[in-house]
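One-letter residues, chain by chain:
Number of protein chains: 2
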Amino acid sequence: MDEVPGSLGTSASFSLRMGQTMFSSASLLFMSFGVEFYSYTAFCYLVTIMGLVIPWSFTLALVDGYSVLLKCPIRQPGILLIIVVGDWVLSTLTLAAASSTASVVDLLLNTHGSFCPPKLCSRYRISAIMAFLSWLLSLASSLFNLWLLPSL
Amino acid sequence: MDEVPGSLGTSASFSLRMGQTMFSSASLLFMSFGVEFYSYTAFCYLVTIMGLVIPWSFTLALVDGYSVLLKCPIRQPGILLIIVVGDWVLSTLTLAAASSTASVVDLLLNTHGSFCPPKLCSRYRISAIMAFLSWLLSLASSLFNLWLLPSL
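Chains H and F are the protein sequences, given in the same order.
With the UniProt record's numbering, letter number 67 in the first sequence gets 67, and the count goes up by one each step, no holes.
With the UniProt record's numbering, letter number 94 in the second sequence gets 94, and the count goes up by one each step, no holes.
For reference, chain H alone in the conformation it holds in the complex (with noise of 0.2 Å):
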């Protein structure tokens, strides 16, 4: 049974799953201090999204964490299985919450200038890349964890 780096219970899989965290946190907190994101679908969207992939990728770095200092990773094709498939629909959601969120404030960027405060746009857009950069990481760990399952 080879180690793939960046699957489950390695040190490597702990800092995506870290990194998955606070980069979702991080869209999260700068979409909810300006209070007006519950007036468009798309950063509702957002929130409900990054409500779910928070405490998904925090419980799997806990798991990491545990598994790393206990030399004792877990190698159950079934619970492998169930990790692939939900980082890979959390991923699917994240990349449409992102893609949504980009292109409105896109839209109230250049349509409506007027209509957006320049300092509420530049956060919804820094909350859009976040999103984007925690899609990344999910998408690694999906696939790492997709690299080991045969091997299993």
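Keep in mind the hints are simulated off the structure, nothing from the lab.
These numbers were taken from a predicted model, which means no experiment stands behind them.
Cβ coordinates follow ideal geometry from the N, Cα and C atoms, glycine included.
Where hints are given, some of them may not hold.
To be verified - If you only want the chain F side, here are some residues facing chain H, beta carbon under 8 Å, derived:
| hint | residue |
| --- | --- |
| 1 | Val-47 |
| 2 | Thr-92 |
| 3 | Leu-95 |
| 4 | Ser-103 |
| 5 | Asp-106 |
| 6 | Leu-107 |
| 7 | Ala-140 |
Knowing the structure of chain H, use the given hints to seat chain F on it.
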């Protein structure tokens, strides 16, 4: 070597590819008939991506039809890997385009009711729905081919 229904060179795969081509073309047509699409970044992005998806799906539909008629499916792992990766990249891009378009249409309809003529907006909405359907079929193709890949 098992025959996975929906994988490259089967009649199910041919139907999937034809569906993708049809839905992408419908999405492109509904978007382009309202001539104002170039004023929104999200709509331009959708048109670009659909312009990539249509030739890709159509070519693979031809390959599938050829394989079915000659009863000689292509089974090189290298080619299959390229198709899986290509399908996956295109389905990700399609999802991003579809959700961007959907969120912009939603914003135009709700917040700026007077800004968007109802006839144009319902066209944009149909275009977004077609793009989502094209994403689903493209994802199905990618998963079926991925399922076949380890058995080669």
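*Compare the structure with the hints numbered earlier in the document and write down the numbers of the violated ones, lowest to highest.*
Violated hints (numbers, rising): 1 and 7; every other hint is consistent with the structure.
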